[in-house]
Structures are given as C-alpha cells and as structure tokens.
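Quick note, the sequences are listed as chains U and L, same order.
For the record, in the first sequence the residue sitting at position 46 is 46 according to the working numbering, with numbers rising by one throughout.
One gets the working numbering by counting positions in the second sequence from 1 and adding 91 to each.
Don't read these hints as lab results, they were simulated from the structure.
Ideal placement from N, C-alpha and C gives every residue a C-beta, glycine not left out.
A few of these clues could be false.
[Said to hold, decoys possible] Derived DSBU-like pairs (lysine-lysine); straight-line CA-CA distance at most 30 Å:
1) K129(L) <-> K87(U)
2) K183(L) <-> K87(U)
3) K183(L) <-> K129(L)
4) K185(L) <-> K129(L)
5) K185(L) <-> K87(U)
[To be verified] Covered stretches of chain U (chain L as the covering partner; in silico rule of three or more C-beta atoms under 8 Å from a C-beta of chain L):
6) 4-13
7) 28-41
8) 45-54
9) 61-73
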Amino acid sequence: MIDLPTLANILAVPLAMALLLAGWRMVSGPSFADRFIALDMLTAIAVGFAALATVATGRGAFLDIALGISLINFVATAAFAVFLERKRRQK
Amino acid sequence: MIYLAMMLLIIGTGFLLIAAIGLVRLPDPLQRMHSATKAGTLGATLMLVGVMLPPDIDELGLTSGLTILFLLLTLPIGAQLLGRASYVSGTKLKGLEHDPLASELDREPEKPEELAQKP
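The shape of chain L in the complex, shown without the other chains (with noise of 0.2 Å):
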C-alpha cells in the first residue's frame, strides 16, 4: 500500500513537470492551455489520491475525495470559459490553418506578440 502510494506520488509529481515545461515550450494560448489542464490536472489527481493510501495520516480520505471530486467537475468548465474568451480576445494561433470557429464567433484581430502586452 505504501509503494502504491509512493509511486502515485512519483507520477503526479512527473505529471505535473511535464505539464509545466510544456506551459513554457509550447507556441501559442491554446495549446499551453492544452498543456496545463490535461496534464496539470491528471497531476494533482494522482497526487491526491496517492494521499489517500498510506494508513498513518489522519483522516479518512474524505478530504481528498472531495477535491478530487471538485478538480474533475470544475476544471473542464474553466477551461472552456477560459478558452473562449481567449480566442476571442484575438490571441495567436499558431499552426491552424482553417479556423473553423471563424463563422461563428467575431475575434479581435491579432496582435504582434511584442505589442501586445508591455508592462
């Protein structure tokens, strides 16, 4: 039980560094985002539950199900809230040819990537 737990920590450890490379390496919004809420989430999960397992902690796991819980229902939703308003706050879009939402929602137009924020 504890080297389940052991090893689930590991991996949500590697989870979550893999998504935070991929948060600096990637090109564009949209695919760092792809990035942070799969892998990010999947992370903290595993990490959770690896909590969960060893036998000297005191609680009984009732906590950490519960965020867990929360993490899967709410994540997915700010994503997609988050999304949205990123495209159509006219971020880059790196590598898309045929923008299929382009129909459908009116977007800014996009800005030079050193224009666009300066503190």
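Looking at chain U on its own, in the form it has when it is part of the complex (with noise of 0.2 Å):
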C-alpha cells in the first residue's frame, strides 16, 4: 500500500488536468461571464493543490495559503459580478 505522500505526487496530474481544462474555458471563454466562472473554478482547484501540497510535505502553512485564496475569491467573484451589471448599465 502507497503512503500519503506518495499518493498527493499521484493526485497532482489529475488535478493538474483540471486546471488545464478550467484554464481553456477561461482563455477561449465567448463571454465575460464564461472567464469569471472559469474563474471560480480555478480558485477551487488552486484550495485542492494546497490541500495536495499540506499532505505531500506535512506543513500545515500550506492550509493558509488555501484559506487566503477562498478569502480573496469571494470578494473577487462579488467585484466581477457587479462589474458586470455595470457594464451594461453604461451602454
């Protein structure tokens, strides 16, 4: 049976699988509101790489990074959604 290091290495290309579909969606997004999802959901895979990186090196630093990054997501999701009602208010 593999250790729990061994396997967060393992996890990572999946993960880094989901973080090159997520990063598609955001390049080639047709609209405004397809980046700011594809958005959201790379935050969520950034919290899984530092939950990955916590377990592969036994640091528990690594889970503030995570809890920054959940911090920084909520106010950055609420800034781009009021950007975008503005948008169109201005037009």
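Using the supplied hints, reconstruct the complex from the two chains, each of which is provided in its own coordinate frame.
So, in structure tokens, the structure goes:
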C-alpha cells in the first residue's frame, strides 16, 4: 500500500488536467461570464492543490494559503458580478 | 484513518476533474456555473476534510475547518451574484423554451457567440 505523500504526488496529475481544462475555458470563453466562472473554478482547484501540498510535505502552513485564496475568491466574484451589471447599465 | 484520508483525497480530486470537464463541455454559462459551483465546492471541501484526518500534519484542523466553513458560506452568495449578473448581461440560454424571469428582470438582447468577445 502506498503512503500518503506518494498518493498526493500522484493525485497532482489529474488535478493539473482539471487546471488545464479550466484554463482553456478562461482563455477561450466566449463571454465575460464564462471567464469569471472559470476563475471561480480555478480558485477551487488552487485550494485542492494547497491541500495536496499540505499532505505531501506535512506542513500545515499550506492550509493558510487555502484560506487566503478562498477569502480572495469571494471578494473577486462579488466585484466581477457588480462590474458585469454596471457595464450593461452604462451602455 | 489514513485510508479514509486517502479515499477522501481521491474522491475530491475526481469531483474537481469532473467539474472541469463539465466547464468545458456544457453549452451555456449558467450550465457551466452549475457544474463549476456545485461539483467544484464539493471537491475542494472533500480534499480539505481529507487533510484534517491524518495525524502527522502539524495542524489541529482549525485552519482547514475555517476554510471549509468559509467556502460553504460564501460560494452560494458568489454564485447567486454571478448568475444574476450573467443573466442580466444577456448571455446565451440554451435549451430553455420559457423564460420565467423575463417579466422580472430586463436583460440585454442575446449576442451571437462569435461577436460577443474578440480580443
């Protein structure tokens, strides 16, 4: 049976594939809403990567990064939503 | 305990991968949001729970517990704001014959997909 750091290193591969797919949607998304949704997804994947780094190294400091990323994500999503509504109203 | 943590990590990664596949394959922004918000939140939460369990990490599970609480509190609010904004800004709605919000919110006319954003 494999141990926990090895499993974390293996699981980084499918998570990187998810990162690639979400990044593709962010680059080629046809509207602004698609890009913001892709940003939401990218932060969820980043939280997952922080969890994997915690398991792989055994240091709890990486969880602080996950907390910070999730805090920033909420503010960014709210700001982008307001931006998207205001952009329509100015036209 | 270790095996439970391994299973949670594997399932969480699977949910994140499925959410990313849905983000690429689903046809319009609201359905993409359905995939990214629900499956993405569940995947990240499961991975954080999997970090809390093994005993050889120098954390008492406080930070990951706080992160889970914060994710579950704020992601529905963010998704609601973003969904309303994308509906109002006139994104494409596919597979919807009758729009029940049409009398409540005024929205932009739908743009053709290619003309919407050209860098």
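Open item on the list: So if I understand the rule, the pair passes when the alpha-carbon distance is 30 Å or less; does K183(L) with K87(U) pass?
Closed with: 17 Å, holds
TODO: Quick one: see if chain L covers the region 4-13 of chain U, three-plus residues with Cβ-Cβ under 8 Å.
DONE: holds (count 4)
Task: Cβ contact check, 8 Å cutoff: the region 28-41 of chain U against chain L, three residues minimum - done: Contact hint for the region 28-41 of chain U vs chain L: holds, 11 residues under 8 Å.
TODO: Take a quick look at whether K129(L) and K87(U) sit within 30 Å of each other, Cα to Cα.
DONE: Holds, because 27 Å separates the two Cα atoms, which is no more than 30 Å.
Open item on the list: Three residues or more, CB to CB closer than 8 Å: is that satisfied between the region 45-54 of chain U and chain L?
Closed with: n = 6 at 8 Å, threshold three: holds.
- [ ] Given that the region 61-73 of chain U was listed as covered by chain L, double-check it with a C-beta distance under 8 Å for 3 or more residues.
- [x] holds (count 7)
- [ ] Please work out if K183(L) and K129(L) have their alpha carbons no farther apart than 30 Å.
- [x] 21 Å, holds
- [ ] Mind checking the alpha carbons of K185(L) and K87(U) for me, to see if they're no more than 30 Å apart?
- [x] 23 Å, holds
Open item on the list: Please verify whether K185(L) and K129(L) have alpha carbons no more than 30 Å apart.
Closed with: 20 Å, holds
Taken one by one, the earlier hints all hold for this structure without exception.
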